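**Student:** Sequence:
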Amino acid sequence: MKKLNLEKLKLAAEDVLQRNQMGTIYGGSGDGCQRYDCDCSGSIGSWEGTYCSLNELRAAIITWCASGEGSCSAQ
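The sequence shown stops at residue 89 when you use the numbering used here, and every number in between is there.
I should point out that these hints are in silico values taken from the structure, not numbers from a laboratory.
Hints should not be assumed to be uniformly reliable.
[Stated by the list, open to error] Listed next, with one range per pair, are the computed distances between beta-carbon atoms:
#1 G46 / A80: 24 to 32 Å
#2 I58 / S87: 16 to 24 Å
#3 S57 / S87: 14 to 22 Å
Owing to the predicted nature of the structure, the values given are computational and were not obtained by experimental measurement.
Where is the CB? At the ideal position from N, CA and C, for every residue including glycine.
Working from the sequences, and respecting the hints, build out all of it.
**Tutor:** This is the structure we're talking about:
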């Protein structure tokens, strides 16, 4: 696992990271989160992302795909 230098983020003491941001820093998937490879259907596009719920995954497909349709497979 690659270690990150958190000082480079220049976070103030009162900054709070969201759960998905913490999972990314530690290199893990967090509570129930999963890394996916995704492709659009009916339009051009592919990406990788970490999602913690089916609703997040569906929202990402709508965001990334002009057609609003796509599929994802867990890594």
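**Student:** Does the Cβ pair S57, S87 satisfy 14 to 22 Å?
**Tutor:** At 18 Å between Cβs, range holds.
**Student:** When you take the CB atoms of G46 and A80, is the distance between them in 24 to 32 Å?
**Tutor:** The hint (24 to 32 Å, Cβ to Cβ) holds, given that G46 and A80 are roughly 29 Å apart.
**Student:** Check the following: the C-beta atoms of I58 and S87 are separated by a distance inside 16 to 24 Å.
**Tutor:** Given range 16 to 24 Å: holds, Cβ gap about 18 Å.
In this structure, none of the earlier numbered hints is contradicted; all agree with it.
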